[in-house]
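**Q** The chain contents come next:
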Amino acid sequence: MNDRVSSGALLDVRDLRTEFTTGGGVVRAVDGVSWDVRAGETVALVGESGCGKSVSALSIMGLVARPAGRVAGGQILFKGRDLLELPEDDMRRIRGREIAMVFQEPMTSLNPVLTVGRQITEACEIHLGHTEAQARARAIEVLRLVGIPDAERRLRQYPHQFSGGMRQRLMIAIALSCSPDLILADEPTTALDVTIQAQILDLMKELSRSFGAATLIITHNLGVVARYADRVNVMYAGRIVERGTAREIYANPRHPYTLGLLRSVPRLDEPKRERLDPIQGQPPDLTRLPRGCAFAPRCAFAIERCRAEAPPLQSVGGSHLSACWVAQDLPQRSALSPQPSGDGEEIPSSRAQRGISR
Amino acid sequence: MTTTTDIAIVEAEAPERRRGWLDVVLDFCRRRPLGAIGAAIVVLMILVALTAPMIAPYDPLAIDFAAMLAPPGADHWLGTDAYGRDVLSRIIYGSQTALIVGFGAAFVGSTAGAVLGVGSAYFGGRVDLIVQRFMDIFISFPLIILALAMVAILGNTLPNLIIAMTAPMVPRCALVIRSSALSVREMPYVDAARAAGFSHARIILRHMLPNVMAPYLIMLTSFLGQAILLEASLSFLGLGVQEPTAAWGLMLRGAAVEFAETAPWMALFPGLAISLAVFAFNLFGDSLRDALDPKLRTG
Amino acid sequence: MWRFVINRFLLMIPTLLGVALIIFLLLRVIPGDVVEAKFMSGEGSGASAEVLAAERARLGLDKPVWEQFAIWMWGVVRLDFGISMWTGAPIGDEIALRFALSLQVALMATVIATLLALPLGVLAALKQDTWIDYAVRIFSIAGLAMPSFWLGILMILGFLIFFRWVPPMVYTPFWVDPWQNLVQLIWPALAVGYRYSAVATRMTRSSMLEVLREDYIRTARAKGLWLKLILVRHALKNAMLPVVTVIGLEFAFLLGGLVVTEQVFNLNGLGLLFVQAIARRDYTLTQALVLLVASAFIVVNFLMDIMYAWLDPRIRYR
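Residue numbers (full-length UniProt numbering), protein chains in the order written: chain A, 1 to 358; chain B, 1 to 299; chain C, 1 to 318.
Please note that the accuracy of each hint is not assured.
Straight-line alpha carbon distances no greater than 25 Å define the calculated DMTMM-like cross-link-like pairs of lysine to aspartate or glutamate that follow [stated by the list, open to error]: (1) Lys228(C) x Asp90(A); (2) Lys127(C) x Glu98(A); (3) Lys205(A) x Glu98(A); (4) Lys228(C) x Glu98(A); (5) Lys127(C) x Glu88(A).
It should be emphasised that the hints constitute simulated quantities derived from the structure, not laboratory data. These figures come from a predicted structure and were not determined experimentally.
Model the full assembly from the supplied sequences, consistent with the hints where possible.
**A** Okay, here's the thing in structure tokens:
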């Protein structure tokens, strides 16, 4: 893993709170969350749908759907400036130029009636003042980078002429076109076939490395996390429940929710297990969160205190944090399911360097 | 696909509490004030129509040559027409005509459209093709000709008028209902019902119809205003309700234009009544559509 | 694309044929015919049965119904609509001038409606649930509620009372005196255009709202584009499809449906001709008019489909 020397956080999210007003009441989608991304590093935000991870990314971009949603508090420090305090036009200049986003749905995230060339070049024209010819040259360059052959011809085509995986490459090309410092990738591979997933993730990893861009990868898939992230934040019901390096999270999860996530992931590099163990129960209703730990109703390890008092996020060893009263009493992962002797480096290597076409 | 790696992807959703109809009404009023205003006017109009004999100051048909073209005043609040008939009384009684024709045509039109739409979607294939062709033909047929022909063939009575007015509604409604029904048609439970050997009628009535209720209600309410407007136009042309019946469109006909300069109240108030009624129905219908199915476009 | 165009083109034929058949039969079912209408009214009311029969024979009304239909259809195919059974003049001459008038009013109303509807609809969508949105919605719902002919009456009333002026009542073709022509036709166009714009405004608003919720708009915002660019480049083109449809259909509807407004403004357009033709049982003229209005509608529909395909590459490449 590339543990770089910390040069101060590129993005520092502090106590972020984002709320939505719905018919059923106020939903605290992100409820006092803090985390950071250092320059060049890949950080993962992991959790089930509706846990607030996508909303976190949209909050950073200033794209939370109004008027239902709003950022209710906290700070988002990017290169030292609080994005929440910026006037809209300054924020607009940052979007696409310094922070770019890759969305979950490549099928619907591209405009069906514009050529892909138009959709790639427009950001460069606006942010970098490129002329049409310059922007076009740049578009061809990024298309090649993301592995789309025959770029000149492809630029004149429309999104529906591309497959799902190709469209996600287009989204990445758009994100990269202005060489941003930070890429927010919201479930970039969820809508794609498994074989394509690995290609896209490898591509993103390689490109962000060569561009020196930091990446925030948002996913529900811990398999993705293990392979691509340096550090991991696990979110549940709008809060961070565990944080650590990918190695720590994978080898020594200290939150029952993380444990559950790990046990429900099928692995290609392991002998077939009898069955997966999904987490019991449903994610909680965010308008009616329990008083104590939000995960307690689904937790096999819950004690009396869990239902009475929400646990704070605290260290369970170095930089490894967990919000759980029984963090130290949780079983080791190997005790839960037979694993090949864990040295922590459990990256599914069989498909690691496959795919990326150059 | 990645379904195996997905972990219980269930959106957090507030469990629906059981609500009484009063709660529903109050909630509608709070969230859609414009719609509530529209509904209030509609209710008021219905009350006026029901109590017309009690609240109308004059007999709407009583001719009084002594009071011809009297301007609005203490005796006749909204003035009188060329026969000395009280304009206010005629407007009050006219609401009966408007409501009967409006509700009648809207109900018949949208129901017939719904039946055709659901049937067309359910049976599919050749039936669907033929029904669609017929709908195309009727949609492109000039409305006024249909109305003229119907009235000429069937005679100039209120039920015939209502039937003539449904002509433009049926194909439009059928089109919308059909597309809703098509998606229901694809539901597994319809296949299951067929496999279980239920009759067509039972499947359509028990499974398909309940699922197209929302677009049906939306079309019905949007037709209400249109029907009142259409009735006014037809009556204005002399093709609709006949004298001496009190009807708003009829009040605007002939003398109202002739005496426009000397007796503008004759043209002003019936037109206001039409506009207010249609306005109210549209306000209510719009809000209902937003509440029931925000994605449905009805123009 | 061409296959699509040809397919859609061929689909127009059965529809037109259906319209022709229905109007043909409808007219034959209506009690009375042109001969009766001619001779039973006014001075010639005492005509003998022989005179009536001779007149029917002259007009070909004594032939079997299917033969009459065949003769008519054969004429239509050759674009020969025959002569008016009432006046004896060729149908083309009867319709030409009145069609020009109706077409001009319809075109002017379309321009007015479009100029009003697009900005208002987009504005209302952008400012959803603010007072601007409410104002636009009330303005457009009111437009739907007010009968155009009543609005026309109010206009004339207003001119009379406040300016002691009425719009010219005698039609002047545009090529004779453009100013006089416009002064006369702008008012009916406005009266009709208001309702028309209301329909288009509502469609613009709802379609725009829908498009603004699309994922690709979020992508465009994430690129840091200006709001104006997002609207013009990313939203409008997608949102315009249903709006253009409504405008086109409403235009086709106006061509034949102006009957009442024409009456108010004393315009001698297609609408009035319709009412006259059917009252006189002038079969040939009525049939030609219905076919004309219906084909306008069907052709506009066809053009809309083609435009959809042209604007939306997904359809074009299917």
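**Q** A separate judgement is required for each hint: does it hold in the structure or not?
**A** Consistency of the hints with the structure:
1. Lys228(C) x Asp90(A): Status holds; Cα separation ~16 Å.
2. Lys127(C) x Glu98(A): Violated - the C-alpha atoms of Glu98(A) and Lys127(C) are around 29 Å apart, more than 25 Å.
3. Lys205(A) x Glu98(A): Roughly 18 Å separates the two Cα atoms, so the pair holds.
4. Lys228(C) x Glu98(A): Answer holds: Lys228(C) to Glu98(A) is near 21 Å, not above 25 Å.
5. Lys127(C) x Glu88(A): holds, 17 Å
Hint compliance for this structure: hint 2 is the single one not met.
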